[in-house]
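Q: With the hints in hand, could you dock these two chains into one complex?
Chains as they are written, first to last, in our numbering: chain V, 1 to 117; chain W, 118 to 228.
Heads up, some of the hints might be wrong.
Looking from chain W toward chain V, a few residues come up when the C-beta cut is under 10 angstroms (computed) [unchecked claim]:
| no. | residue |
| --- | --- |
| 1 | Ser124 |
| 2 | Glu126 |
| 3 | Pro161 |
Don't read these hints as lab results, they were simulated from the structure. Glycine residues also receive a C-beta, built at the ideal position from the N, C-alpha and C atoms.
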Amino acid sequence: NAGVTQTPKFQVLKTGQSMTLQCAQDMNHEYMSWYRQDPGMGLRLIHYSVGAGITDQGEVPNGYNVSRSTTEDFPLRLLSAAPSQTSVYFCASSLRTGQKVHTGELFFGEGSRLTVL
Amino acid sequence: EDQVTQSPEALRLQEGESSSLNCSYTVSGLRGLFWYRQDPGKGPEFLFTLYSAGEEKEKERLKATLTKKESFLHITAPKPEDSATYLCAVQAVDSSYKLIFGSGTRLLVRP
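Next up, chain W with everything else stripped away, as it sits in the complex (with noise of 0.2 angstroms):
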């Protein structure tokens, strides 16, 4: 079954203070790797696409890479607006009408 884990849940985080989020996935056949910004009480947000092992794509202060089996998305010296929940989706190839979503991270950043 195809599955996206995303780690951790929450994440707390002083401004400037560098760190990393998850996306652990299990897919039959990966037809690209998205990432996505909810803010409270919004639709989320489109970032990132990533396709295959070892592409990269940067945003601002944000970076996402992709290995065989995860996602990461590196933040940077952050600041207190970078706070939201961070969500990661997986295409399948076989299931290319949807996309499959982990449960998200909620990043507060602290001034």
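So that you can see chain V by itself, here it is in the shape it has in the complex (with noise of 0.2 angstroms):
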């Protein structure tokens, strides 16, 4: 199984630019999520969905977009980058075990490395 796959893994953008990281599934998990990670801070949750055509603010949304038209993929758009943006961002799924419940246990891709001059 490839479980779960980022693309691309390394991004260099300039000021304004907008792109898409996309994530891909194969585990037929219903919650999926975007996480970034920054030096000296924890995972801080971007946005998340808990099915098909269903997505929600996480922790710090501003500046990105998502959708979930499949149950395998949920890409992560970046509507006009910022230096701010320049973070590692993982992508997450679990199973769902409520209706925005998922077990804790998430399997992470192995990071999409954005740099934002």
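A: In structure tokens form, the structure reads like this:
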């Protein structure tokens, strides 16, 4: 099994550019999420989804959009990149156990390292 | 505010030298506490789930314990391959759609 696959692994953008980080999982997980990881800080939730057609905001959603048209895919869009969005982005999925509840056992991708100049 | 604090930030051990990592948490209602391992350049990998005070989980040289305010990850006779960053996270009852992560403890085990 591939698990959670993220692309690209590395990306450099200029301020104001837009791009999409791709995430796909093959475990039939209903819950998918995007986190960002910055030095000295814990992983912070950007957006999450509990199933196809359902998305919601996490702790730090500003500047990002998501959509969930299929169970497998959960892309993250940066609308107008800013230097503050320089970070490592992780997509993670899990089994859903309730309306907005997951098991806590998250399966992470390998990360997408984004630099905004 | 729900919060997770891990200590120490970094730990250097000799191979075979046992030690413990600490995770202190403040949460309105704990649904679960989780330990993850993260290798450089990789995504976190799930290790343990603890649900209630007094619970313990073991896996090879690692043992996780839980009290009402903190969790410990005990590493017995570590090997160089145990070198990684260990992350602690909590899931609160009233915000169970997310995990709240600590900033991690970087462990280096020297041969």
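Q: Hint by hint, note whether the structure agrees.
A: Against the structure, the hints:
1. Given hint, Ser124 (chain W) at the interface with chain V, is violated; its Cβ is 13 angstroms from that chain's nearest Cβ, farther than 10 angstroms.
2. Taking 10 angstroms as the C-beta cut-off, the interface hint given for Glu126 (chain W) holds, the closest approach to chain V being about 8 angstroms.
3. Look at Pro161 (chain W): its Cβ gets to within about 5 angstroms of chain V, closer than 10 angstroms, so that hint holds up.
Violation of the numbered hints given earlier is confined to hint 1; every other hint is satisfied by the structure.
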